[in-house]
Amino acid sequence: MLFSRLRGPSLAVLTCALGALSLSACATTGDAAPKTQTASAAPASKDRTMAPGLDGWANQDPYPSTYRGLPRQDMAIVGATVLTGAGQKIQNGVVVVTDGRIVAVGGADTPVPAGHQVVDARGRYVTPGIIDIHSHLGVYPSPGVQGMSDGNEATNPNTAQVWAEHSIWPQDPGFNTARAGGVTTMQILPGSANLFGGRGVTLRNVPSVTMQGMKFPNAPYGLKMACGENPSRVYGSRNQSPATGMGNVAGYRAAFIAARDYKDKWDKWRETGQGTPPTRNLQLETLAGVLDGSVLIQNHCYRADEMAVMLDVAKEFGYKITTFHHAVEAYKVAPLLAREGVCAAMWTGWWGFKMEALDGIEENAALTDAPEGSCAVIHSDDAELIQRLNQEAAAALSAGRRAGMNIAEEHAISWITLNAAKSIGIDKETGSLENGKRADVVIWSADPFSIYARADQVFIDGGLAYDRANPAFQPVSDFELGQPGFGQAAVGVAQGAR
Numbered sequence: 001m002l003f004s005r006l007r008g009p010s011l012a013v014l015t016c017a018l019g020a021l022s023l024s025a026c027a028t029t030g031d032a033a034p035k036t037q038t039a040s041a042a043p044a045s046k047d048r049t050m051a052p053g054l055d056g057w058a059n060q061d062p063y064p065s066t067y068r069g070l071p072r073q074d075m076a077i078v079g080a081t082v083l084t085g086a087g088q089k090i091q092n093g094v095v096v097v098t099d100g101r102i103v104a105v106g107g108a109d110t111p112v113p114a115g116h117q118v119v120d121a122r123g124r125y126v127t128p129g130i131i132d133i134h135s136h137l138g139v140y141p142s143p144g145v146q147g148m149s150d151g152n153e154a155t156n157p158n159t160a161q162v163w164a165e166h167s168i169w170p171q172d173p174g175f176n177t178a179r180a181g182g183v184t185t186m187q188i189l190p191g192s193a194n195l196f197g198g199r200g201v202t203l204r205n206v207p208s209v210t211m212q213g214m215k216f217p218n219a220p221y222g223l224k225m226a227c228g229e230n231p232s233r234v235y236g237s238r239n240q241s242p243a244t245g246m247g248n249v250a251g252y253r254a255a256f257i258a259a260r261d262y263k264d265k266w267d268k269w270r271e272t273g274q275g276t277p278p279t280r281n282l283q284l285e286t287l288a289g290v291l292d293g294s295v296l297i298q299n300h301c302y303r304a305d306e307m308a309v310m311l312d313v314a315k316e317f318g319y320k321i322t323t324f325h326h327a328v329e330a331y332k333v334a335p336l337l338a339r340e341g342v343c344a345a346m347w348t349g350w351w352g353f354k355m356e357a358l359d360g361i362e363e364n365a366a367l368t369d370a371p372e373g374s375c376a377v378i379h380s381d382d383a384e385l386i387q388r389l390n391q392e393a394a395a396a397l398s399a400g401r402r403a404g405m406n407i408a409e410e411h412a413i414s415w416i417t418l419n420a421a422k423s424i425g426i427d428k429e430t431g432s433l434e435n436g437k438r439a440d441v442v443i444w445s446a447d448p449f450s451i452y453a454r455a456d457q458v459f460i461d462g463g464l465a466y467d468r469a470n471p472a473f474q475p476v477s478d479f480e481l482g483q484p485g486f487g488q489a490a491v492g493v494a495q496g497a498r
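Numbering (the working numbering), first residue to last: 1 to 498.
It is worth saying that the hints were derived from the structure and are not from the lab. Note that CB positions come from ideal geometry on N, CA and C, so glycine has one too. Keep in mind that the hints are not guaranteed to be accurate.
Unchecked claim - 20 Å max Cα-Cα, derived EDC-like pairs, lysine to aspartate or glutamate: (1) Lys89 <-> Asp109; (2) Lys354 <-> Asp292; (3) Lys89 <-> Glu434; (4) Lys320 <-> Glu340; (5) Lys320 <-> Asp359; (6) Lys354 <-> Asp382; (7) Lys354 <-> Glu285; (8) Lys89 <-> Asp74; (9) Lys89 <-> Asp61; (10) Lys332 <-> Asp292; (11) Lys332 <-> Asp359; (12) Lys320 <-> Asp264.
Stated by the list, open to error - Label pairs and their computed distance ranges (CB to CB): (13) Gln73 <-> Gly487: 41 to 51 Å; (14) Glu316 <-> Lys265: 31 to 41 Å; (15) Ala408 <-> Val118: 49 to 59 Å; (16) Ala58 <-> Gln212: 43 to 53 Å; (17) Ala403 <-> Lys265: 51 to 61 Å.
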């Protein structure tokens, strides 16, 4: 999308500002007839066309998605307990899928259209596909060797110019194991060594030879920012700024001052067409996207006091933080986050591994979720935890209930579905089983909040992406060929997912 334009001065006013020329063109006298104009300013060019690659806003999607979806057929899933992700729990429910979209969700009396395959899910549970908004699959893939460690451009405190999608290795076996855990969509982020780590990308969890074949069509970009210990430790150890919390904040402010100036120059050139257009700067272009709202802020931030500071920085420069990630102390500022409309993405049991994670509690998600207007999310940041996000959400639900909070399963499922979709800007497309949305559906062997539950079938846009009982629908990457366990059906593996 284009930047919102600032109203520039009219050509007449600009002409009047041209010194001696403007005096003859614009000054008025008491004479009956105006003075004859002796010179005029050169007209502004109406042609804003630039050579390919020099105008970032002329092509907002230079690495377009080629995602086409898996083979699918119309179907009706019947007989299950359905958790819609939007607050409903339907016993003996029916979910109707037509052309890869949800067209009906209801009770047993919901009609099944003619020609639809009937999927018997009696005794099982159905939910939306799980969405992990903080993953490094593909950029920190398996095997974890230096040659594949591509998630942190730890060369400068500000690397907003890099895009995680250009580091993704689609053959990462972690995509397959995540799919076996019910994960249908992921946001892949750069690491947190920098104040500005670069753009993340949202992927559909389907097998593909290319990153573009996984890329979620039209999903907004997110900019990974990091506050706290990581950037100050990385760069302080190199005897450069930032080395402290105040150095971090100074770095954010300086970057957005430059970005605001960059954006204003482009806006004015587009409005007037006069002069030479600014030279494209990939770093400032991403930050300018934050200022116009086309790039969402995904902010690694643990401590409550630092979240409050980051919200003030955002207000100073007129942008919005979409989600705080890790957010170990979100429970301390839950009303503030709800009032500001900021999501908090959390673990349940990870805490204490560094000072800024010291005050973690298992009730964090439940307490953060409590205020009206809140947006609590459970995330992984880990190639193994992504395989059991349903269990991580279950642990958070259990902790909240032990603390005396009355939280229903049909609400808590939103922590890994609809709220997750909201936090990365795709909730109009996925995240809940509602009419018109993409048919991202998981059929569970049991209540997904049970430690014994396994994803039996996983559908992405209505296409069967994983079937625990059918090796034909248990994709493997080329890297897995010939590895130990290759060819063994997932249903025969004692721990469930490969």
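Taking the hints in turn, this is what the structure says about them:
For the given pair, Lys89 sits about 15 Å from Asp109 by alpha-carbon distance, which is consistent with the 20 Å threshold. The straight-line distance between the Cα atoms of Lys354 and Asp292 is roughly 35 Å, outside the 20 Å bound, and the hint therefore fails. Restraint check: the Cα-Cα separation between Lys89 and Glu434 comes to about 13 Å, which is no more than 20 Å; the hinted pair holds. About 9 Å separates the Cα atoms of Lys320 and Glu340, which keeps this hinted pair within 20 Å; it holds.
Pair hint Lys320 plus Asp359 does not hold up; C-alpha atoms about 26 Å apart against a cutoff of 20 Å. With a C-alpha separation of about 17 Å, the suggested pair Lys354 and Asp382 falls inside the 20 Å cut-off, and the hint holds. About 34 Å separates the Cα atoms of Lys354 and Glu285, which puts this hinted pair outside 20 Å; it is violated. Between Lys89 and Asp74 the CA atoms are separated by roughly 23 Å; this puts the pair beyond 20 Å, and the hint is violated.
Taking the CA atoms of Lys89 and Asp61, the gap is near 39 Å; set against the 20 Å cutoff, the hint is violated. Our distance criterion of 20 Å between C-alpha atoms is broken by Lys332 and Asp292, whose separation comes to about 30 Å. Distance hint between Lys332 and Asp359 is fulfilled; the C-alpha atoms sit about 10 Å from each other, no more than 20 Å. A C-alpha spacing of about 18 Å is found between Lys320 and Asp264, which places the hinted pair at or below 20 Å, so the restraint holds.
A C-beta distance of roughly 27 Å is found between Gln73 and Gly487, which places it outside the suggested range of 41 to 51 Å. Distance hint check: the CB atoms of Glu316 and Lys265 are about 20 Å apart, inconsistent with the given range 31 to 41 Å. Separation of Ala408 from Val118 is about 29 Å and departs from the stated range, judged on CB atoms against 49 to 59 Å. For the pair Ala58 and Gln212, the beta carbons lie near 20 Å from each other, so the given range of 43 to 53 Å is not met.
For the pair Ala403 and Lys265, the beta carbons lie near 52 Å from each other, so the given range of 51 to 61 Å is met.
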